[in-house]
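S.K.: So the protein lines, in turn, are chains A and C.
First residue of the first sequence? That's 1 in the working numbering, and the numbers climb one at a time after it.
First residue of the second sequence? That's 1001 in the working numbering, and the numbers climb one at a time after it.
In case anyone wonders, no lab produced these hints; they're calculated from the structure.
None of these values were measured; they are calculated from a predicted model.
Just so it is clear, CB atoms sit at the ideal spot from N, CA and C, and this is done for glycine as well.
Some clues are possibly wrong.
[As the list claims (entries may be wrong)] Only part of the chain A face toward chain C is listed, based on derived beta-carbon distances under 8 Å:
1. ILE209
2. MET239
3. ALA240
4. SER345
[Claimed, not checked] Just the calculated beta-carbon pair ranges, DEER-fashion:
5. C:HIS1234 / A:GLN27: 54 to 62 Å
6. A:PRO380 / C:GLY1241: 51 to 59 Å
7. A:ASP287 / C:ARG1073: 35 to 43 Å
8. A:VAL133 / C:ARG1247: 40 to 48 Å
9. C:GLU1134 / A:LEU34: 26 to 34 Å
10. A:PRO137 / C:GLY1241: 47 to 55 Å
11. C:GLU1134 / A:PRO380: 35 to 43 Å
12. C:GLY1148 / A:PRO380: 49 to 57 Å
13. C:ARG1073 / A:ARG25: 47 to 55 Å
14. C:ARG1073 / A:GLY369: 56 to 64 Å
15. A:PRO380 / C:GLN1155: 21 to 29 Å
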Amino acid sequence: MTEPVATKQRSVFARLHLRERIRDRDQAIYGVLLIVAVVFPLASLYATDSTFLVSQAGHAGTFVLLAIGLNVVVGFAGLLDLGYAAFFAIGAYTYALFASAQLAASPLHHAYHLPFWLMMFVGLFVAAAFGAVLGFPTLRLRGDYLAIVTLGFGEIVPQLFLNLDQWTGGINAVGGIDQPTLPAWITGPWAGANDIAIVRDFNFSFDPIAYYVLIVILVIIAVILVSNLYRSRLGRAWMAIREDEVAAAAMGINTVTTKLLAFAIGASFSGFAGAYYGASFGLVSPDSFLFVVSVTVLVMVVLGGMGNITGVIVGALVIYFILNSVIPSLPAAVESFASTVGLGSLNDRNGDWPGLAGETQRLQFLVYGLILVLMMLLRPQGIFPSRVREQELKHAAVLEEETVVEQAQAG
Amino acid sequence: MSQQPAAADNILELTDLTKRFGGLVAVDNVSLHIKRGEVFALIGPNGAGKTTLFNNVTGLYQPTSGRVVFDGRDITGSRPHEVARWGIARTFQNIRLFDFMTCLDNVRVGRHVRMKAKLWDSLFKLPREGREEERVTEEAMELLRFVGIAKHANQYARNLPYGQQRRLEIARALATDPKLLLLDEPAAGFTPQEKVELMKLVKKILTRGITVFLIEHDMKVVMGISERIVVLDHGEKIAEGSPDEVRKDVRVIEAYLGKSA
Chain A
1 MTEPVATKQR SVFARLHLRE RIRDRDQAIY GVLLIVAVVF PLASLYATDS TFLVSQAGHA
61 GTFVLLAIGL NVVVGFAGLL DLGYAAFFAI GAYTYALFAS AQLAASPLHH AYHLPFWLMM
121 FVGLFVAAAF GAVLGFPTLR LRGDYLAIVT LGFGEIVPQL FLNLDQWTGG INAVGGIDQP
181 TLPAWITGPW AGANDIAIVR DFNFSFDPIA YYVLIVILVI IAVILVSNLY RSRLGRAWMA
241 IREDEVAAAA MGINTVTTKL LAFAIGASFS GFAGAYYGAS FGLVSPDSFL FVVSVTVLVM
301 VVLGGMGNIT GVIVGALVIY FILNSVIPSL PAAVESFAST VGLGSLNDRN GDWPGLAGET
361 QRLQFLVYGL ILVLMMLLRP QGIFPSRVRE QELKHAAVLE EETVVEQAQA G
Chain C
1001 MSQQPAAADN ILELTDLTKR FGGLVAVDNV SLHIKRGEVF ALIGPNGAGK TTLFNNVTGL
1061 YQPTSGRVVF DGRDITGSRP HEVARWGIAR TFQNIRLFDF MTCLDNVRVG RHVRMKAKLW
1121 DSLFKLPREG REEERVTEEA MELLRFVGIA KHANQYARNL PYGQQRRLEI ARALATDPKL
1181 LLLDEPAAGF TPQEKVELMK LVKKILTRGI TVFLIEHDMK VVMGISERIV VLDHGEKIAE
1241 GSPDEVRKDV RVIEAYLGKS A
């Protein structure tokens, strides 16, 4: 008799299963990320009165998108891809060439100005196609060999864009890229307007807030799609291949096409990100897609927690913050620290000594390296690891302990 | 050859199957046929080529020469996933589970080949994909119950005790809806009690209309459940027949115990 009464009295809190959701770590992280995504631009606009931080966040979002895509390849299917930036470049150039005056100077003698919304999907498919083209001959290779081939691909693609200067402008880059337009947009005090109003025929024209909204939506879409894949027939097949390729094949999984799909889907996200990048910067140049970009994204995936979408997102944000905020501000911070502790004399240039700030500037990648090593030592499984990685590492530790015990007993 | 039944009764026929690795002949001109619905055993000393023969049937190796006909279809040289699709499932001598996937997911991977969900279905979680996932989860749970490890459904395969890992591997193989199940030393490392349970399980599998082809060292298990036996030694077939016939065969005794002085 008491039970129905009890259920009636359940609060909204209980009905939304909030408690269970919070207990589920991933759901909780998504919740926090979503709140931060909404609060961050408002807070930063209020605090700094400039859109600089918002545009930085938009750029960080590009890397979140890249990390989510690379996670499909590296984390789900277990294929090490060291040339991921190549697909990013392909996506960016696909949009840049067909949405600027660039092709007028090419042998085509005609400039194309296709809309962003269309080209975003074209970029996605072009990058996916290149993923398949690269994957087809190489996915028979395993582990290290695959890594080397993707590394080569990552080196070749920017070189191609550099040297095909008839088409791509080479070192001069592609500039004047079209901005996305929308039939309607809401403006308000956050964008410097006086009232909330609806703008007709809205042009993004480097509006950081509009780009921020766009990238947040893109990331949300990417997260939903990738989580769907993760919990599907295909996601299980990827994991099975990662765990044991022979057994997976014996269970009827076509390992070649399944790996190819991982490659193509991973590539398609970077194609997506590439189109966004091209539009938001308005400029695409070959040296934005060098090896260091591939490595940075890989670091984001590994440090965030390979195979776990929330971990990868947080990893991307943390690494981006370290690279673009912590490291650049170090020289000034060190300088002022030296002055306050009374070592101000170190700040002056003197012969070979470039001053403390200059020296820190020189050593910034050493610092970055140290931070990475520290993070890996403190949390080898990543910031928010997938449960699988957690178990694997625990298991390895147990094995290690067992052998130590065995050796002790033998000795 | 005259006593060989009509082809339609044979689920698997191997004709002059040979596999060479360089100079080594691992399987030498072996012919055998397995009847629908029987338990057929392949025995022989270590290194006789039993597992190599399995690998040739399941497409892990390409035979050097000879033919493999399954259910009236020539599958010689097919790729492993095609073989699975046509209805041959297997377990491995040294258990090869997906260690860091749950038991349920291991079995659901086995179901992969009978699922229809395409990329778009999964990407956008279409209703028919959801219904299929639900059905497959139920089927996988049913198989876990069938082999008796349902209570471990959400544990990592890695964390199961050894005997249950072997059972899980059988459940995963059954999930592919096979007509022929190849078991590679299913009783290896088992206690006598576990062996009895395994024999019961094999009999239960037979009632599902699945033919069983097994490699086994333990003579009690082999003699207890199999109707016919083929003996391999140094890649060659040296005997074939009922358990009683094989037990008395002079060449078999020699192969196992060495030529007596």
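S.K.: Are the hints correct? Go through all of them and say.
M.R.: Now the hints, each set against the structure:
no.: 1; hint: ILE209; verdict: violated (29 Å)
no.: 2; hint: MET239; verdict: holds (6 Å)
no.: 3; hint: ALA240; verdict: holds (5 Å)
no.: 4; hint: SER345; verdict: violated (57 Å)
no.: 5; hint: C:HIS1234 / A:GLN27: 54 to 62 Å; verdict: holds (60 Å)
no.: 6; hint: A:PRO380 / C:GLY1241: 51 to 59 Å; verdict: holds (58 Å)
no.: 7; hint: A:ASP287 / C:ARG1073: 35 to 43 Å; verdict: violated (56 Å)
no.: 8; hint: A:VAL133 / C:ARG1247: 40 to 48 Å; verdict: violated (59 Å)
no.: 9; hint: C:GLU1134 / A:LEU34: 26 to 34 Å; verdict: holds (28 Å)
no.: 10; hint: A:PRO137 / C:GLY1241: 47 to 55 Å; verdict: holds (50 Å)
no.: 11; hint: C:GLU1134 / A:PRO380: 35 to 43 Å; verdict: holds (37 Å)
no.: 12; hint: C:GLY1148 / A:PRO380: 49 to 57 Å; verdict: violated (37 Å)
no.: 13; hint: C:ARG1073 / A:ARG25: 47 to 55 Å; verdict: holds (49 Å)
no.: 14; hint: C:ARG1073 / A:GLY369: 56 to 64 Å; verdict: holds (58 Å)
no.: 15; hint: A:PRO380 / C:GLN1155: 21 to 29 Å; verdict: holds (23 Å)
Checked against the numbered hints above, the structure violates hints 1, 4, 7, 8, 12; every other hint is satisfied.
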